[in-house]
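In terms of numbering that gives the first Met the number 0, the sequence shown opens at residue 0 and continues consecutively.
FYI, nobody ran anything at the bench for these hints, they're computed from the structure. Accuracy of the hints is not assured; some may be wrong.
[Claimed, not checked] Label-pair ranges, simulated between beta-carbon atoms: (1) H48 <-> G366: 44 to 50 Å; (2) A284 <-> H48: 45 to 51 Å; (3) E312 <-> D227: 35 to 41 Å; (4) D285 <-> G135: 40 to 46 Å; (5) T137 <-> E190: 50 to 56 Å; (6) P8 <-> S182: 16 to 22 Å; (7) G365 <-> A83: 37 to 43 Å; (8) N148 <-> A188: 21 to 27 Å.
[Unchecked claim] Each computed EDC-like pair below joins lysine to aspartate or glutamate, with the alpha-carbon atoms no more than 20 Å apart: (9) K265 <-> D227; (10) K265 <-> D285; (11) K265 <-> E336.
In this text, a Cβ means the ideal position worked out from N, Cα and C, and glycines have one as well.
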Amino acid sequence: MSVGLWQTPAEPAVEAVNTVVIGAGLIGAYLAARLAQANQRLVVLDARHVAGGASGRNGGLLLTGIAHSYAAAYQQYGHATTRALWQVTLRNREAMIATAQRLGTPVRRCGSTILACSDAESEELRESVALMHADGFTDAEWHADDPLNRGFLGGIVNAADGAIQPALLTAALLRESGAQLISACEVYALESQANGVLVRARDHAFLAQRVVLATNAWTPLLLPEFADLIVPGRGQVFATAPAPPVLQHSAYCDYGFVYFQQTPDKRFVLGGYRNLAFEQERTYADQTTALIQEQLEAFLARYFPELVAVPIERRWSGTMAFTSDGLPLVGRLRRDERIAFAVGFNGHGLGLGIMAAEELLSELAGGTAELFMARRLMGAAL
Numbered sequence: 000m001s002v003g004l005w006q007t008p009a010e011p012a013v014e015a016v017n018t019v020v021i022g023a024g025l026i027g028a029y030l031a032a033r034l035a036q037a038n039q040r041l042v043v044l045d046a047r048h049v050a051g052g053a054s055g056r057n058g059g060l061l062l063t064g065i066a067h068s069y070a071a072a073y074q075q076y077g078h079a080t081t082r083a084l085w086q087v088t089l090r091n092r093e094a095m096i097a098t099a100q101r102l103g104t105p106v107r108r109c110g111s112t113i114l115a116c117s118d119a120e121s122e123e124l125r126e127s128v129a130l131m132h133a134d135g136f137t138d139a140e141w142h143a144d145d146p147l148n149r150g151f152l153g154g155i156v157n158a159a160d161g162a163i164q165p166a167l168l169t170a171a172l173l174r175e176s177g178a179q180l181i182s183a184c185e186v187y188a189l190e191s192q193a194n195g196v197l198v199r200a201r202d203h204a205f206l207a208q209r210v211v212l213a214t215n216a217w218t219p220l221l222l223p224e225f226a227d228l229i230v231p232g233r234g235q236v237f238a239t240a241p242a243p244p245v246l247q248h249s250a251y252c253d254y255g256f257v258y259f260q261q262t263p264d265k266r267f268v269l270g271g272y273r274n275l276a277f278e279q280e281r282t283y284a285d286q287t288t289a290l291i292q293e294q295l296e297a298f299l300a301r302y303f304p305e306l307v308a309v310p311i312e313r314r315w316s317g318t319m320a321f322t323s324d325g326l327p328l329v330g331r332l333r334r335d336e337r338i339a340f341a342v343g344f345n346g347h348g349l350g351l352g353i354m355a356a357e358e359l360l361s362e363l364a365g366g367t368a369e370l371f372m373a374r375r376l377m378g379a380a381l
């Protein structure tokens, strides 16, 4: 989110608008579609293109829960918050599926498996299912043996989970919003003025009555309030050529650091292993590395050996945003309440994004964000 002096040889004319949404990913597109229902004049800006960030560079999994297991979340957040988080992800899953079906973009309720790669992880997952059942989440089924019969050490099956094509859903939401979309338009400054927020971007300038940031990992590059609150984390993925069918469910294992699915066209999509090089992967760089790609290939060879000979057609990476407590940040800035944000999805934008956006919409309507309220980490800034 920087623009060189030579890229703006002339000051653009300032256009007055009601709302500027910064970020044309899934969250920004959903917010634009919802705000458009109030007949607001909307402009959506993105430094790249639609779903050019994490929204188009993930594994496509639509799962119940967050990165932590239920047992681990129980220890970190306590009983009430953990139960509320799982309820939110269930509502988010159903809203995501319903939205994709309504807009005609690909979505599958193919089920999910959360798999254990060690005895310790197996015990944690077994305990998680017991806690979930006690809290009323009875759809989760514990399997002491590997539900895939591929060498894992047990797992959780949730038949209602699924997979989605997030880039097509993002584009469909933006079309539905009717917003003016400007791609390749980096925003480099937000200036608070008496009559609005001046949004300075490459080739454009807007005076907005409201600015909504859906910029996720890139938020600290635009707002200094987030410098110590959000760190980037690169996720690497690859996809094979169409392969023999080996997997029905979306899958997640090794404490969430590995994830995979087989798409309807039979490509095997596998990502993860950021935990092997946390510092190296704490980057905005859009590239893959030999270390992690080789580990992904080794995982494929170990658990799906029949796919080793299938060519890998594409490798990619996406930049996620991580917060200190693993939950998104939703709110408005104290120095200018016309600047709002829903960011910091910790690799689970598909599982939490719609509900986080709804919390922001509630706050913009005069209510307050609840589960994801940013003031828990940003008190003085909000």
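Run through the hints listed earlier and report the numbers of any the structure violates, in increasing order.
As far as the earlier hints go, 1, 2, 7, 8, 9, 10, 11 are violated by this structure, in ascending order.
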